[in-house]
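Enquirer: So the protein sequences, as listed, match chains A and B.
Each step along the first sequence adds one to the number in our numbering, with nothing skipped, and position 126 is 126.
Each step along the second sequence adds one to the number in our numbering, with nothing skipped, and position 467 is 467.
Please note that a few of the clues may not be correct.
As the list claims (entries may be wrong) - Derived, one-sided and incomplete: chain B residues facing chain A with beta-carbon distance under 7 Å:
| no. | residue |
| --- | --- |
| 1 | Phe-55 |
| 2 | Pro-85 |
| 3 | Ala-86 |
Said to hold, decoys possible - Straight-line distance between alpha carbons at most 27 Å, and here's what the computed DSSO-like set of lysine-lysine pairs gives:
| no. | chain 1 | residue 1 | chain 2 | residue 2 |
| --- | --- | --- | --- | --- |
| 4 | A | Lys-33 | B | Lys-19 |
| 5 | B | Lys-12 | A | Lys-63 |
| 6 | A | Lys-63 | B | Lys-43 |
| 7 | B | Lys-350 | B | Lys-340 |
| 8 | B | Lys-340 | A | Lys-63 |
Bear in mind the hints are in silico, worked out from the structure with no lab data behind them.
A virtual CB, placed ideally from N, CA and C, is assigned to each residue, including glycine.
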Amino acid sequence: MLVFSPLVRERMLADARQTFPDECCGFLFGTEKEDGSRYLSDIVVVTNAKEGDKRRRFEIAPKDYLAAEQYAEERGLMLLGVYHSHPNHPAVPSEHDRLAAQPFFSYVIISVLDGRIGRVRSWRLNDARQFEEESIAEPLPIEDKATHAPFVAVDNPAHPSTC
Amino acid sequence: MATVIIPTPLRKFTNQASKLNVEASTVGEALQRLVQEYPDLRKHLLDDQGQIRPFLNLFVGEEDVRDLQWADTPLSADATLSIVPAIAGGTTQRAEATFSEEELARYHRHIIIPEFGLEGQQKLKTARVLVVGSGGLGSPLLLYLAAAGVGTIGIVDFDRVEASNLQRQVLFGVDTVGQSKVEAARQRLTALNPHIRILTYDVLLNSRNALDIIREYDVVADGTDNFPTRYLVNDACVLLGKPNVYASIFQFEGQVSVFNYRHPNGELGPNYRDLYPAPPPPGLVPSCAEGGVLGVLPGIIGSMQACEVIKVITGIGEPLSGRLFLFDALSFETRIFRIKRRDDNPLTGKNPTITQLIDYENFCGVKVVEKPIREITPQELLQWRAEGRAFQLIDVREPDEYAAVNINAELIPLGTVVENAHRLSRQVPVVVHCRSGARSAKAIRELEERFGFDNLYNLKGGILAYLEAEKQAVEHA
Chain A
1 MLVFSPLVRE RMLADARQTF PDECCGFLFG TEKEDGSRYL SDIVVVTNAK EGDKRRRFEI
61 APKDYLAAEQ YAEERGLMLL GVYHSHPNHP AVPSEHDRLA AQPFFSYVII SVLDGRIGRV
121 RSWRLNDARQ FEEESIAEPL PIEDKATHAP FVAVDNPAHP STC
Chain B
1 MATVIIPTPL RKFTNQASKL NVEASTVGEA LQRLVQEYPD LRKHLLDDQG QIRPFLNLFV
61 GEEDVRDLQW ADTPLSADAT LSIVPAIAGG TTQRAEATFS EEELARYHRH IIIPEFGLEG
121 QQKLKTARVL VVGSGGLGSP LLLYLAAAGV GTIGIVDFDR VEASNLQRQV LFGVDTVGQS
181 KVEAARQRLT ALNPHIRILT YDVLLNSRNA LDIIREYDVV ADGTDNFPTR YLVNDACVLL
241 GKPNVYASIF QFEGQVSVFN YRHPNGELGP NYRDLYPAPP PPGLVPSCAE GGVLGVLPGI
301 IGSMQACEVI KVITGIGEPL SGRLFLFDAL SFETRIFRIK RRDDNPLTGK NPTITQLIDY
361 ENFCGVKVVE KPIREITPQE LLQWRAEGRA FQLIDVREPD EYAAVNINAE LIPLGTVVEN
421 AHRLSRQVPV VVHCRSGARS AKAIRELEER FGFDNLYNLK GGILAYLEAE KQAVEHA
């Protein structure tokens with residue numbers, strides 16, 4: 001279970017909206033409880049370093065990664081995951097996502113459809129190097145309504161989701 | 001001692017240590033030391049060949065080792081080696097395919113279907129499909145995929161075209177008998193559709209090459225005729241996250257399913273190991289070479305397989321994931337069974353135990369059970385005949401085959417060998433033959449097991465090899 005602090009969630013979604021039609025990306029920090037649930041309390045937005053087609057690809061520069069590890073250490077937080085957006089695509093990991101994926105990290109994917117936030121889902125690599133979905137707690141009701149309204153299964157209207 | 005910085009995602013393999021001191025003089029040596037001490041790190045740092053994984057970045061101080069000497073980069077005692085995982089990804093959509101006038105005309109009947117459209121045709125053009133086996137199932141499959149405009153088609157097969165293939169393998173003709181199947185297939189498919197790319201692999205798919213070959217494709221279509229390869233293809237597809245469109249045929253029956261399919265809602269469908277957790281005991285389920293198959297059956301089943309491949313690529317309709325389709329040509333009845341994912345599936349269950357490819361010959365018991373039997377080469381048999389040696393010759397083929405051509409053997413068809421065992425000599429050597437040696441080997445194993453014969457010899461290569469040897473002997477004489 002992934003729990004976003006409202007502020008972290010808002011900043012992440014704002015990044016996804018502003019970066020559209022390109023892919024956005026960044027790091028998520030927080031603490032992990034013994035039952036495996038993760039509370040995300042901090043966020044670092046990173047510039048998509050992909051040269052070429054940023055609408056379909058994202059890449060985080062190694063120096064940004066090292067800085068993120070440093071950031072976590074200085075604040076006594078854990079680097080728990082990475083978020084990125086899928087412009088006009090479902091919030092489901094692609095083969096590109098899977099090949100580069102690391103164990104342990106939560107990979108949060110935000111579907112952005114024509115600039116509006118679609119579904120937000122999180123995925124983690126299992127021991128067979130396959131993605132498994134990780135549930136995300138309901139957002140706390142302090143954000144403005146505009147960010148709430150689109151939280152419906154817009155990426156797959158034909159298939160009612162099980163989650 | 002150099003210091004290695006371990007990134008957060010890999011700390012669960014180093015007992016949470018974020019910094020480790022390692023005695024090593026180069027980057028490569030440092031990684032070797034690490035995986036020795038923490039074996040679970042191996043698959044995240046090195047690939048199957050022991051090379052540094054492509055998605056890993058390594059920095060000595062602030063320098064990327066790619067700009068230095070890669071694995072041979074020296075490490076001083078006070079050096080810091082940082083392991084930096086690449087963080088990258090993106091959506092799957094590829095560059096949009098464009099079509100020439102000629103292609104638009106060619107694919108017109110697809111493009112005018114509202115649900116298919118230009119978008120479906122573009123998906124076909126950018127898709128890469130690997131067809132394993134270009135035999136009975138592979139023939140219609142390849143013909144329809146090529147005709148439909150699948151942009152890249154890979155074919156794996158190590159066989160050559162034989163006359164006995166032509167009864168069902170409609171890719172080939174009498175002019176290609178003797179040629180390598182993948183080459184004959186390439187020529188036929190290129191003649192059918194010059195707008196696509198055909199890649200061929202004239203090899204036996206095995207645990208060493210499967211991942212490297214399959215990795216390059218989006219969808220795999222399994223048209224193999226044996227269990228080791230079927231489990232191999234299944235496991236490789238699961239490990240690589242590729243959908244596997246499966247079909248198989250025997251005598252009058254066919255099966256089709258779509259395995260390891262990731263539904264757009266993210267749910268993963270079952271795979272072959274959910275349907276058949278274990279292979280059948282060796283010898284229990286005969287292959288088409290042993291049991292035969294109605295020639296048109298692979299035409300029907302392979303076409304259905306092609307249909308599912310096209311659905312998986314284009315995302316149209318509901319692929320046959322989580323369902324097994326059965327067709328009985330004799331009764332013309334079809335059935336569909338539901339397949340569910342099993343918790344004890346060693347690949348995708350609760351506690352996966354298979355994380356890399358295994359020895360599939362061994363897994364399917366092929367290696368263990370098949371004890372060697374006595375053999376005789378056609379040349380030796382010719383010699384025996386020339387010398388006038390005493391021996392008995394048995395043909396275990398069917399009466400029609402015998403009528404077409406025989407070498408004066410006694411006819412005891414495979415299905416009747418047990419009841420006719422008393423006709424076999426215990427005094428002189430008994431040479432058993434069939435068409436190419438598979439059925440006679442089966443007969444010998446059964447006779448040895450049941451009646452303890454120790455004078456049975458399998459004619460290597462069967463009557464085919466014998467006739468060839470006889471021809472050569474005559475030519476040389």
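Enquirer: None of the hints should be skipped; say for each whether it holds.
Expert: Tested hints:
no.: 1; hint: Phe-55; verdict: holds (5 Å)
no.: 2; hint: Pro-85; verdict: holds (5 Å)
no.: 3; hint: Ala-86; verdict: holds (5 Å)
no.: 4; hint: A:Lys-33 with B:Lys-19; verdict: holds (23 Å)
no.: 5; hint: B:Lys-12 with A:Lys-63; verdict: holds (23 Å)
no.: 6; hint: A:Lys-63 with B:Lys-43; verdict: holds (24 Å)
no.: 7; hint: B:Lys-350 with B:Lys-340; verdict: holds (14 Å)
no.: 8; hint: B:Lys-340 with A:Lys-63; verdict: violated (45 Å)
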